Amino acid sequence: MSDAEQITKKFMYINRKAPYGTIYAWESLEVVLIAAAFDQDISLAFIDDGVYQLTKGQKTEAIGLKNFSATYRALGDYDIQKIYVEKESLETRGLTLDDLQHLVYEDEDDDYAEKDSIKLVSADELGKIMEEQNVVLSF
Amino acid sequence: MSMLHTVNKSPFNNDALSKCLQCAQPGSSILFIEDGVYASREGTTFTDSVKEALKDKQVYVLQPDLDARGMNSSLIDGIKTVDYSGFVDLTTEHDSVQSWL
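Residue numbers (the working numbering), protein chains in the order written: chain B, 33 to 171; chain Z, 5 to 105.
These are computed hints drawn from the structure, not numbers from a lab. Any given hint could be a false lead.
Cross-link-like lysine-lysine pairs, in silico, BS3-like; alpha carbons within 25 Å at most [stated by the list, open to error]:
| id | chain 1 | residue 1 | chain 2 | residue 2 |
| --- | --- | --- | --- | --- |
| 1 | B | Lys-147 | B | Lys-88 |
| 2 | B | Lys-91 | Z | Lys-84 |
| 3 | B | Lys-160 | B | Lys-91 |
| 4 | Z | Lys-23 | B | Lys-88 |
Chain Z side only, calculated, beta carbon under 10 Å to chain B, not exhaustive [what the hints assert, rightly or not]:
| id | residue |
| --- | --- |
| 5 | Glu-38 |
| 6 | Thr-48 |
| 7 | Phe-50 |
| 8 | Ala-72 |
| 9 | Ser-78 |
| 10 | Asp-87 |
| 11 | Tyr-88 |
Please read these numbers as outputs of a predicted model, since none were measured by experiment. The beta-carbon is built from N, C-alpha and C at its ideal position, and this holds for glycine as well.
The following block holds chain B by itself, in its conformation from the complex:
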C-alpha cells in the first residue's frame, strides 16, 4: 500500500436501553471495544434508559447473567475519553451522577493525569455533538 496515511473519523455510539432486560447494552459494549482497537475518535452517549447501564453496585449472581458493568471502567484504558450522559434522562429517573460509576481516563497530554470521562450534557448539547460525528451507531 502506497498510502499508509491513517484516516481518523468521529464515531459516536448511542445507548438508549437498560442493561439485562434486552441484549442491546451488552452488544453495544462489545462493538465499542472492538472499534476501540482501530484508533478512531470514539465517543459514547447514554440517554433515556441507557443511563441505567452505568449505575453503581450491579450484582447479577441471582439472575444468572454476566455482570458486564465493570467493563465500563475499562473504557478509559481503551482511550475512550468522552462519555456523554444526558441530564434530563437522569432527572426523570430519580438519578444523579452519584448513582453512576466513576469513569476515568489518563490524559497523556497532561502527564497521565486521571480525568473524568463522564460529561453531563443537555439533550440540545448532545444533539449538537451528534451533528459533529462522521458515523453514528444506535443501540
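We have chain B; now place chain Z onto it with these hints.
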C-alpha cells in the same frame, strides 16, 4: 377474585406499567420484575402513580432484579421485596396472573 399483575418493562419506554395501573383493581397485587423494577424507585416521574396504587393494592418488586441493576437504594416506601420463592408464592396466592409484557 384477586389478581397478580406482573410488569417486566421499564416504564420509560413502554406503556405496560401505565396500562397496568389503569386496569388493576383495588385489592389486587402488582409485582415488578426485570426492567419493570425501575418503577420502584423514589423520585422518578412515575413515583406518584406507583404511590397512588399503593393506597389500595399491594406492590412488590423482585429483589434479584433490583440487585442486578444496582437499584437497591431509594425504594418507594410501602413496596415489599420478594425473592424467587416469594414470586412463586404470589402466583399461588392469587387466582390468576396477568403479565404486562
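Status of each hint after checking the structure:
no. : hint                 : result
1   : B:Lys-147 x B:Lys-88 : 19 Å, holds
2   : B:Lys-91 x Z:Lys-84  : 19 Å, holds
3   : B:Lys-160 x B:Lys-91 : 35 Å, violated
4   : Z:Lys-23 x B:Lys-88  : 30 Å, violated
5   : Glu-38               : 5 Å, holds
6   : Thr-48               : 4 Å, holds
7   : Phe-50               : 9 Å, holds
8   : Ala-72               : 4 Å, holds
9   : Ser-78               : 7 Å, holds
10  : Asp-87               : 8 Å, holds
11  : Tyr-88               : 8 Å, holds
Taken one by one, the earlier hints fail for this structure at numbers 3, 4, listed in ascending order.
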